[in-house]
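Undergrad: These are the residues of each chain, in order.
Protein chains: 2
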Amino acid sequence: MANQETEISKLGEFGLISHLTKDIKFNNSSTVVGVGDDAAVLDLKDGATLVTTDLLLEGIHFDLRYVPLKHLGYKSAVVNFSDIYAMNGRPRQITVSLGVSSRFTVEHIEELYAGIRKACEIYEVDLVGGDTSASVTGLVISITCIGVADKEKIVLRSGAKPTDLICVSGDLGAAYMGLQLLERENQVAAKAAPDFQPDFAGKEYILERQLKPEARKDIIELLAAEGIIPTSMMDVSDGLSSELLHICKSSDVGCRVFEDRIPIDYQTAVMAEELNMNVVMTAMNGGEDYELLFTVPLADKEKIEKIKGISMIGYITKPELGAAMVTRDGAEIELKAQGWNAF
Amino acid sequence: MANQETEISKLGEFGLISHLTKDIKFNNSSTVVGVGDDAAVLDLKDGATLVTTDLLLEGIHFDLRYVPLKHLGYKSAVVNFSDIYAMNGRPRQITVSLGVSSRFTVEHIEELYAGIRKACEIYEVDLVGGDTSASVTGLVISITCIGVADKEKIVLRSGAKPTDLICVSGDLGAAYMGLQLLERENQVAAKAAPDFQPDFAGKEYILERQLKPEARKDIIELLAAEGIIPTSMMDVSDGLSSELLHICKSSDVGCRVFEDRIPIDYQTAVMAEELNMNVVMTAMNGGEDYELLFTVPLADKEKIEKIKGISMIGYITKPELGAAMVTRDGAEIELKAQGWNAF
Chain A
1 MANQETEISK
11 LGEFGLISHL
21 TKDIKFNNSS
31 TVVGVGDDAA
41 VLDLKDGATL
51 VTTDLLLEGI
61 HFDLRYVPLK
71 HLGYKSAVVN
81 FSDIYAMNGR
91 PRQITVSLGV
101 SSRFTVEHIE
111 ELYAGIRKAC
121 EIYEVDLVGG
131 DTSASVTGLV
141 ISITCIGVAD
151 KEKIVLRSGA
161 KPTDLICVSG
171 DLGAAYMGLQ
181 LLERENQVAA
191 KAAPDFQPDF
201 AGKEYILERQ
211 LKPEARKDII
221 ELLAAEGIIP
231 TSMMDVSDGL
241 SSELLHICKS
251 SDVGCRVFED
261 RIPIDYQTAV
271 MAEELNMNVV
281 MTAMNGGEDY
291 ELLFTVPLAD
301 KEKIEKIKGI
311 SMIGYITKPE
321 LGAAMVTRDG
331 AEIELKAQGW
341 NAF
Chain B
1 MANQETEISK
11 LGEFGLISHL
21 TKDIKFNNSS
31 TVVGVGDDAA
41 VLDLKDGATL
51 VTTDLLLEGI
61 HFDLRYVPLK
71 HLGYKSAVVN
81 FSDIYAMNGR
91 PRQITVSLGV
101 SSRFTVEHIE
111 ELYAGIRKAC
121 EIYEVDLVGG
131 DTSASVTGLV
141 ISITCIGVAD
151 KEKIVLRSGA
161 KPTDLICVSG
171 DLGAAYMGLQ
181 LLERENQVAA
191 KAAPDFQPDF
201 AGKEYILERQ
211 LKPEARKDII
221 ELLAAEGIIP
231 TSMMDVSDGL
241 SSELLHICKS
251 SDVGCRVFED
261 RIPIDYQTAV
271 MAEELNMNVV
281 MTAMNGGEDY
291 ELLFTVPLAD
301 KEKIEKIKGI
311 SMIGYITKPE
321 LGAAMVTRDG
331 AEIELKAQGW
341 NAF
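Sequences listed follow chains A and B, in order.
At position 124 of the first sequence the residue is numbered 124 (our numbering), and the sequence of numbers has no breaks.
At position 169 of the second sequence the residue is numbered 169 (our numbering), and the sequence of numbers has no breaks.
Watch out, some of these pointers could steer you wrong.
[Said to hold, decoys possible] Taking lysine to aspartate or glutamate and the DMTMM-like style, the derived pairs with C-alpha atoms no more than 25 Å apart in a straight line are:
#1 A:249 / B:23
#2 B:153 / A:43
#3 B:10 / A:43
#4 A:217 / B:43
#5 B:10 / B:23
#6 A:25 / A:111
#7 B:25 / B:152
#8 B:10 / A:252
To be clear, the hints were calculated from the coordinates, so they are not data collected in a lab.
Let the hints inform the model, and build the full structure from the sequences given.
TA: Next up, the structure:
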């Protein structure tokens with residue numbers, strides 16, 4: 001611990017919470033009372049309320065050897081915002097619970113909180129409450145996000161219909177390749193001289209996609225501007241294959257996506273090449289992209305084409321046709337679910 | 001692992017979630033969409049919205065050697081409801097995030113969930129979402145509760161005024177004495193013959209207060225029936241001393257509570273005696289009582305006296321008088337904050 005760092009025991013639980021939250025300003029008029037009472041008070045009369053929650057555990061979801069705490073805080077908040085956008089809503093408030101072990105100092109937790117607050121600032125979300133606790137094991141971050149939506153414009157996973165177009169924003173697989181890069185450099189560093197510096201030149205994009213992902217607020221706004229309400233929508237957190245299967249199951253439909261339509265960035269392709277990995281499989285199963293996957297009626301095709309950064313990757317079918325990817329040579333590969341299986 | 005138990009890897013993440021949540025029924029008309037999409041959808045137009053969150057970590061907040069998983073689930077939910085009642089609100093929805101390590105089976109998590117669902121049933125709350133994750137360390141439970149309240153009847157910690165009466169529901173220290181009992185019997189069991197059975201006869205009350213606490217919904221309803229809106233309120237989770245100091249700080253007031261007015265159950269007193277502990281200190285600092293601590297204007301004294309199960313334990317003073325307990329012999333002992341300090 002560096003000299004200027006402060007042990008958390010100096011502040012104690014209540015001291016730490018008030019230290020971290022003392023100068024929080026609200027972005028939303030619906031936020032009435034924030035941190036500091038038994039519960040936050042919100043006034044959400046302007047539409048339906050959305051709630052989502054994510055639990056991030058050290059050793060499972062992040063590795064502090066190569067994830068800076070500020071980035072981790074930012075990402076922890078953004079992944080929740082992404083779930084709210086995926087309902088066609090706007091995030092408004094979050095609560096943050098932290099479990100912190102004794103190897104962390106006040107400055108460490110400040111860094112983490114700085115990232116969370118930065119994300120709140122950029123996405124105009126209010127931090128309204130939380131819980132801070134000691135942990136005998138690793139760092140635990142649990143964030144719950146409250147959002148609002150026009151009730152008649154909420155988009156579930158269950159509304160996709162045969163012939164609907166399948167669309168995805170941005171590109172896929174970059175975050176996963178960023179993680180592979182970080183793990184490779186970390187292994188090299190472990191064996192190298194103390195002054196070793198990892199070389200990320202030409203790989204900044206995939207690194208940023210892994211360390212500091214963004215939620216696609218812009219896409220939600222562009223769709224609204226074009227008057228498009230998707231028939232179904234999800235964010236891509238576990239991987240495109242897995243999310244497509246969720247939509248097919250919830251909507252009781254099948255799907256076909258085309259290998260040559262999957263959007264992949266140049267840096268993702270280069271990294272996959274270096275690691276001798278199949279880049280399309282990376283994009284299908286990588287996860288953590290936080291892009292939006294959605295379906296629209298065929299009639300919206302021209303409107304979608306007008307929006308930059310959206311790819312039409314396939315179409316919805318009747319359920320009996322199943323879910324498959326059509327390869328460049330016309331073969332069909334059945335999609336498989338991933339999800340964790342760390343047990 | 002017994003023969004009939006199921007490894008979690010058999011179901012996987014998505015399988016486990018849908019297995020646990022498949023037959024959930026809603027109690028509240030404000031619950032529109034529950035588990036199974038990116039976010040839950042709530043329609044909360046009937047008042048202000050309350051949000052509270054609690055993080056429970058194995059080894060810090062609970063010890064699975066003597067806490068049955070079903071009780072743990074029940075308690076995890078109830079402590080959140082308690083925070084909503086402490087705002088003079090009604091809990092409506094919860095989200096549940098679990099981090100589960102490989103030593104747990106599907107049946108274990110079912111037990112935990114059964115307790116959570118039992119609490120939801122009794123308090124008429126809907127389980128609307130959550131996250132389930134592998135954990136490389138212990139069990140992690142993060143619950144967020146959404147509630148509603150009439151905006152003009154919300155009770156914060158900050159409204160106590162000099163001369164207000166300080167009231168507390170039920171009795172204090174029992175949950176802490178229940179924990180001491182469990183720890184003692186566990187230590188005895190570790191050294192005893194395999195057929196050892198802990199002896200809890202005559203101590204059922206303190207055991208239940210520790211293992212299966214209830215939130216004081218009844219008190220909130222009784223206060224409303226008498227037309228009483230407290231000037232400040234909190235639930236007693238960290239201990240009476242600590243909560244009194246929170247109210248004094250938030251309201252910028254002082255307080256006097258009287259040692260001989262602190263409500264203590266007979267079993268609590270007997271257990272303290274057995275363990276050679278000061279029973280009043282136990283009641284002041286024990287924590288986990290989940291009773292309601294609140295202040296009312298002096299003019300409400302007669303109405304309060306009509307409600308069974310509420311004790312008037314002192315009064316609010318000007319801030320310069322500080323926060324103190326008046327002992328039986330008239331001496332004043334300054335109140336001290338507790339909170340965790342596991343660092």
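Undergrad: Hint by hint, where does the structure go against what was stated? Just the numbers, ascending.
TA: Hints 3 and 7 are the ones this structure does not satisfy, whereas the remaining hints hold.
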